[in-house]
Amino acid sequence: MKITEWKKSLEEISKIVDKTSPLYAYITSNQLSGFEEHHFKEAVNKASTFYNAQGYPKAEVFKEALDRKELHSRELENLLIENGYQDPVETYLKILDQTSAIKEQTDNLKLNRLMLKWLSIFLDEGLAEWPMPNREKGFYKAWLGLAKYDKDYQIDKDTPQSASIALDQLFKNCSEEEIHHSIQFHLTSLPGWVGYIKQRQSSDSGWKEEAPISMLEYLAVRLTIAEKLNLKIEVVPTFKTTNEKQQELAYLFLKAWEISWQKELAEQLTHNQSPENSTIPDAQMVFCIDTRSELIRRKIEESGNYETFGYAGFFGIAMDYKSTEDGLTRKSCPPILDSAYKVFYRIKQEQETQAKAYKKQLKKIKFKNYFFKRLKNMLPSAFGYVEGTGILYGLSLLGRTLLPTKYHQLMNRGKIAAEKSYEPKLGKKEHQHDISLEEKVNLVKATFNLTGWKTFAPVIIFTGHGSHTSNNPFASSLDCGACAGNPGRHNARTLASIANEKEVRLALKNNFGIDIPESTIFLGAEHNTVTDEIEIFDTEFAQDHKEALQKINENLKQAQLEATRERLGTEKESLKIAHKKSNNWSETRPEWGLAKNASFIIGPRELTKGLNLNGRCFLQSYDWKTDKDGSALSGIMQGPMVVTQWINNHYYFSTVDNEKFGAGSKITHNITGKFGVMQGNGSDLTKGLPLQSLKMSDSEMYHQPLRLSVVIETPIDRVEKILKEQPHLKSLLDNEWIYLLVINPEEDRQIKRYASGLKWENLDKNSTKDAVKLAV
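According to the numbering used here, the sequence shown is numbered sequentially starting from 962.
Do not take every clue at face value.
The calculated DSS-like cross-link candidates involving lysine-lysine, where the alpha carbons are at most 25 Å apart (straight line), are [to be verified]:
#, residue 1, residue 2
1, K1537, K1518
2, K1512, K1224
3, K1078, K1098
4, K1055, K1071
5, K1518, K1542
6, K968, K1283
7, K1324, K1283
8, K1019, K1007
9, K1635, K1078
10, K1078, K1169
11, K1691, K1589
12, K1321, K1386
13, K1557, K1512
14, K1283, K1317
15, K1055, K1030
16, K1367, K1518
17, K1019, K1627
18, K1133, K1118
19, K1635, K1325
20, K1542, K1512
21, K1325, K1389
22, K1415, K1570
23, K1390, K1406
24, K1007, K968
25, K1118, K1019
FYI, nobody ran anything at the bench for these hints, they're computed from the structure.
Build the full structure now, drawing on both the sequences and the hints.
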């Protein structure tokens, strides 16, 4: 056996493990991204062995969907019969309900416990008062320096001084198959922690240099400890997968449920007769494609003569921004993009006094937090600190519990007002120099091209979104995914600032025929998705639009009221309830985030305007008539469509197996190292979403675990051309990670569904054996 054999296996298996995002930059992703080259059905089968996980909804979930008539019994029965299942549905539900739990090996549990100890102190990002020494030398050497003091096992002088040599020795008498199984077993015993190691390796944060760690080092430490303890750990896979019949039935039940949803959605879209607005609107507002924008857009359009658009929430600017609050630089564009720009905030001349006062206040808060943390953690002062501050903490606890909104306002007074005293300036990532006119023009032009923009209102508002919640470790997961788990207001304000520049407008007119009236003003805003409040920034630059803005703000308040009433299901005190959910430190469900997402609709607003889509659809504005060469659609399919698939699968797998792919219950969460969450005092690092983000209660479903159904209004030949040019998109469709439905305006708006191999089928016909044949 060649020594390099373990390196080959390690590299191969490492590719399959999905990254685990830190809490402060929480990114939704497909937990099975390492299997995307396989058909969905095959990927789920492989993952059930790889992770010992469930890949389909449980029988009780399908039963609930049938009872709610979300899974149409006719679609299910047709699909079952076509695939040779003639018995009543109840028979197959009983088969699906037959599960067998796999007991974890005692030795592996012990090894996991020891690894958790070392991983949590090595990877710590500022929570621990005393950091682990020698972290800059890497995980293996830092561990080796302290392991001799560990009473659980004995490290002797013969232990290799490097991780690579350690693995050479450990695997020297193993066969190729044994090596492969061993590495797979040990990398998937704590997939959440291993996923964070993978994330740390690829990140550009300072922790990568301050505490470098690799999967090689992790494996070397783990297997060395196992050897020293003589642990009998089974390295040949013993995972008991669900039998083949159960897998096949679960797949059919899921597919029937998805077809049921597609037909319901198609029925709504087909019968929606919203006419195109021929008048110039009083204002136009651009929202993120996020499913939470659907409700507020509908309510705004009902409140006045307003037009709304959907556009990815980073507004086309691949940027970082430097926070005015803590001075840290954060990414504010999709993780798949490298940041080309950086936004620096500078104080507005007329608000210099306010900005300086805020900076002074922040310094005091920073010192106070540091001082009290030192008192709390230093041995000589810890006891006295607890005794002396008990009454203050008691009052704070009462305030947060009984008067959460007022307490939050008191603690955060002046924060938004202070941020308004700064204005964004876009520069290159490396420095603050202004970017070229050409780059600015292209950023603004892309917005109009992708959304099919036709006319310009006097006021145009780019509206990012953020979620303001209290005591919520998963707060970042509720912010804008297109902004890497940060609020989108920074991108919105930046794009508005560029679009207001005279030179940019002149170049748009002279070079591209995009004539923006001189009277049009662009503004940035933020939609708080917990309270549905919309905060508009930089209005002092719109002195000629005071009356218009006053009316807009009045209508936005009415839209907020109507949105909270519908979302919370109450006519009385909906705003008060929404604010309480936002500020209450004990609230486990401040908002639902992207739960219930099921479709991504790409088309003009007339396609969906007036429809109540119940927050289930991502909405991307697009007009095929203005996209002559199909380049705009290609960009949407390669970018937002792929990202929404990640989001959809993140929710899907977090729902079908919350223990392996989700985050369990918030009630027993324990933050570790400022970057992750464990269950109780020690567990694998959670990878997905908590139960409270997915279910109404322990037994009642909220999110419906369905694969993403994409709907595009465009000629089919345009889609086919893109799929031929972009094989990775075709692969996602052929392998059923995404469904694609096309409304063909050139064929009486018939809806066709994509079938494998660039084939199409009618959606409205009864399902045929060829159309729904099980994938091999």
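For each hint, the structure was consulted:
no. : hint          : in the structure
1   : K1537 - K1518 : holds, 13 Å
2   : K1512 - K1224 : violated, 40 Å
3   : K1078 - K1098 : holds, 18 Å
4   : K1055 - K1071 : violated, 36 Å
5   : K1518 - K1542 : holds, 18 Å
6   : K968 - K1283  : violated, 40 Å
7   : K1324 - K1283 : holds, 17 Å
8   : K1019 - K1007 : holds, 18 Å
9   : K1635 - K1078 : holds, 15 Å
10  : K1078 - K1169 : holds, 20 Å
11  : K1691 - K1589 : holds, 22 Å
12  : K1321 - K1386 : holds, 23 Å
13  : K1557 - K1512 : violated, 33 Å
14  : K1283 - K1317 : holds, 17 Å
15  : K1055 - K1030 : holds, 19 Å
16  : K1367 - K1518 : holds, 20 Å
17  : K1019 - K1627 : holds, 22 Å
18  : K1133 - K1118 : holds, 20 Å
19  : K1635 - K1325 : holds, 23 Å
20  : K1542 - K1512 : violated, 28 Å
21  : K1325 - K1389 : violated, 32 Å
22  : K1415 - K1570 : holds, 17 Å
23  : K1390 - K1406 : holds, 21 Å
24  : K1007 - K968  : holds, 22 Å
25  : K1118 - K1019 : violated, 52 Å
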